Amino acid sequence: MKVAVSSTGNKLESMIEQRFGRSPYFIIIDTDTMESEIVSNIGTGYAHGAGVGASQFLASKGVKAVITGNLGPNAYGALRAAKINAYTNFSGTVIDAIEKFKNNELKEFSSPTVPSHTGTGNTVSGRGQGRGRMR
Amino acid sequence: MKIAVASGKGGTGKTSVAVGLALAAEKSQLLDCDVEEPNIHILLKPNILETEKVEVQVPRIDDLKCNYCGDCAKFCQFNALFVVGDTAMVFPNLCHSCEGCIEVCKQNAIVYEPRCIGEIFIGKKDEIDVIYGLLDIGEALAVPIISAIKKKSIGEGIIILDAPPGTACPLAETVKDVDYCILVTEPTPFGLHDLEIAVEVVNQLGVPIGVIVNFAGVGNDEVYKYCKEKNLPILMEIPFDRKIAELYSNGIHFSLEMLEWKKNFSRLLKKICEVY
Amino acid sequence: MIQITIISGKGGTGKTSLTASLVALSNNTVIADCDVDASNLHLLLNPEISETIEFKGLKLAVIDQLKCINCGLCMEKCRFDAIKDYVVNSNSCEGCGLCVYICPVKAIDFIDRVCGYAYISDTDFGPMVHARLNPGMENSGKLVTLVRQKATEIAENNNKNLVLIDGPPGIGCPVIASLASINAAIIVVEPTLSGIHDLERAISLTNHFNIIPLVCINKYDINNANTDAIRSLCLEKDINILGLIPFDNKVTKAMVEAKSVIKYDPNSPASIEIKKIWSKLNDIFNI
Ligand code: SF4
Ligand code: SF4
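Protein chains in written order, with the working numbering: chain Y, 1 to 135; chain P, 136 to 411; chain A, 412 to 698.
Derived from the structure by calculation, the hints contain no laboratory data.
For clarity, every value in this text was computed on a predicted model and none was experimentally measured.
By construction, the Cβ of each residue, glycine as well, lies at the ideal position given by its N, Cα and C atoms.
Among these hints, one or two may not hold up.
As the list claims (entries may be wrong) - With a cut-off of at most 20 Å between alpha-carbon atoms, the simulated SDA-like pairs for lysine to any residue come out as follows:
hint, chain 1, residue 1, chain 2, residue 2
1, A, 661, P, 357
2, P, 406, P, 185
3, A, 664, P, 374
4, P, 260, P, 357
5, A, 470, P, 210
6, P, 311, A, 521
Said to hold, decoys possible - Between beta-carbon pairs, the in silico distance windows are:
hint, chain 1, residue 1, chain 2, residue 2, range
7, A, 639, P, 355, 50 to 60 Å
8, P, 206, Y, 35, 44 to 54 Å
9, P, 161, A, 594, 50 to 60 Å
10, P, 237, Y, 35, 17 to 27 Å
11, P, 365, A, 503, 40 to 50 Å
12, P, 206, A, 487, 16 to 26 Å
13, P, 237, A, 476, 52 to 62 Å
14, A, 483, P, 357, 23 to 33 Å
15, P, 290, A, 694, 56 to 66 Å
16, A, 477, P, 398, 18 to 28 Å
17, A, 657, P, 372, 25 to 35 Å
What the hints assert, rightly or not - Just a few of them, taken from the derived set where beta-carbon distance is under 8 Å, the chain P residues facing chain Y:
hint, residue
18, 182
19, 183
20, 213
21, 224
22, 226
Construct the entire structure; sequences and hints are all you get.
Below you can see the structure in the form of structure tokens.
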């Protein structure tokens with residue numbers, strides 16, 4: 001299974017980046033073969049909506065789980081829609097995260113870790129999950 | 136006659152100048168274009184006669200027509216659309232209302248619907264019509280509210296616009312079609328630096344500029360040198376005066392208590408109206 | 412690593428002067444100036460630029476006059492009225508790409524535009540990251556994010572334990588970017604009616620993001636009644652008041668000399684209070 005980790009650097013020993021959308025790198029690891037691919041996050045180029053952009057990109061890469069620090073509501077909604085599990089509030093190195101993930105030691109999260117600053121997405125399919133505006 | 140009062144940043148007394156001019160006119164409209172932190176209504180406490188929601192158009196995707204091709208999401212430069220598998224999502228807060236997605240969708244699955252991002256208020260205080268707006272907390276786009284405020288003003292008589300701080304696009308939106316722009320600054324290195332940037336923006340828009348030096352006497356004379364060099368007229372100097380500061384802190388405009396200032400403002404207003 | 416952002420509803424409340432003074436008191440800090448469209452901090456810290464980074468924002472449409480057949484479709488469709496006489500006005504173009512898509516003869520290019528620069532510099536007080544947005548450009552908060560990213564990188568690589576962030580004015584997108592995942596925000600307020608109003612807005616913003624607000628009243632003695640009002644407001648909301656800085660003309664004098672007030676006159680009334688604020692911060696965050 002392909003897991004993406006937001007990373008401050010381009011090595012497996014790099015620290016996890018706390019921000020998902022603006023993460024400088026994503027390290028995508030296939031947990032079966034432990035093959036890894038390093039991508040510089042194209043999302044960092046966006047003015048707004050970096051989290052949604054990153055989600056779209058990772059979905060296109062066939063990623064099934066994401067490990068990161070904080071997740072905003074836009075990215076949360078997008079990942080849910082893409083049926084990508086997200087594991088948040090992790091700090092440590094990328095490789096640590098992967099090991100813990102493989103040992104089932106990470107907790108999947110059920111709500112965004114950063115409050116909305118601008119409301120969230122509206123889905124059209126019955127499957128995706130949109131959230132109301134937080135005030 | 137539309138006069139914008141601007142400065143590179145807040146706290147230079149820009150709002151005081153705008154209010155001073157409005158008070159000095161017999162009849163005027165005063166537009167507070169700082170929609171993130173409007174202050175004029177706090178100073179003037181107008182009677183609010185009318186409020187209006189400001190809406191922008193954002194897309195809605197009809198799931199009966201959508202085939203999840205993802206073209207719209209690929210097109211959107213602002214990441215406002217997300218399509219994966221059999222789900223298409225709109226993130227309205229990211230949308231710039233460009234209508235591009237409607238154009239690219241081959242299924243005609245996208246329609247526009249309104250979304251509220253803030254409110255404008257229309258009020259009156261004696262002979263001044265006060266219009267101001269408020270961007271909802273957490274919203275990112277101030278420009279639609281500013282243009283809504285500007286649309287509410289009737290295009291005749293004296294119209295004073297209090298510009299938002301900063302030199303980014305909200306300033307350009309406020310100043311772009313006015314007849315004259317007053318830049319308020321202070322005679323310090325901070326003031327000079329911000330003035331230079333503001334002059335650059337206003338020059339790009341081709342609006343004539345005059346400068347008011349506030350807190351005159353506190354700093355150095357670099358601002359004066361700069362104005363001379365750039366041929367910018369100094370319209371007025373307001374000295375640093377504890378009485379002015381104290382009146383302001385209590386929400387009282389100094390021209391109401393210090394009557395010579397009311398005269399100064401009306402003289403200035405007349406001068407600008409004559410020339411432009 | 413602790414990250415603290417100094418904000419104020421509006422500019423001109425002494426936020427930058429306070430930031431510069433705190434920087435001068437600290438000794439293991441990375442400085443991030445996130446007031447990218449009207450930055451002033453560099454005027455007090457005299458940074459020496461060691462690296463310049465181009466900042467690319469949204470794209471810009473450009474019409475190739477040789478290919479254009481003057482059909483006018485782009486002018487009709489552009490929602491931002493950015494195209495006149497087959498020329499794109501770069502001030503109005505928001506970079507949506509609609510014209511690029513619809514042009515029947517593909518005469519429109521979509522180019523990257525440099526919207527500003529970020530700088531990495533050295534100062535007498537430690538490394539500093541600052542930026543300048545080109546005048547009139549959209550300030551999306553992205554440049555703020557870039558500045559912060561560089562600042563935390565430097566802090567991590569050099570074992571600096573504090574990142575002090577001079578925040579932008581307002582409550583919009585740039586401020587939001589300057590508040591993301593920080594430890595606390597210092598809100599600088601003057602005791603004026605509009606200052607109190609701005610303070611309330613700033614507090615609701617920090618609440619919105621679950622960030623601890625700390626309040627500093629600047630020139631508290633110009634209006635004691637309002638200062639009391641701010642005090643009771645903070646008491647009611649259970650907000651820590653870090654300090655009350657008196658009106659002190661040394662602050663302006665220091666600015667004219669391009670210095671922080673702490674460096675200009677460490678014993679002036681404002682400096683004495685700022686030192687207290689610094690030690691309080693140390694107590695709270697163990698810097
Ligand atoms: S372009 Fe139209 S059909 Fe394709 S995903 Fe978007 S809304 Fe659906
Ligand atoms: S209207 Fe433009 S900005 Fe809005 S969702 Fe569609 S393509 Fe994106």
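Task: List of violated hint numbers, smallest to largest - done: 2, 4, 6, 7, 8, 10, 11, 13, 14, 16, 18, 19
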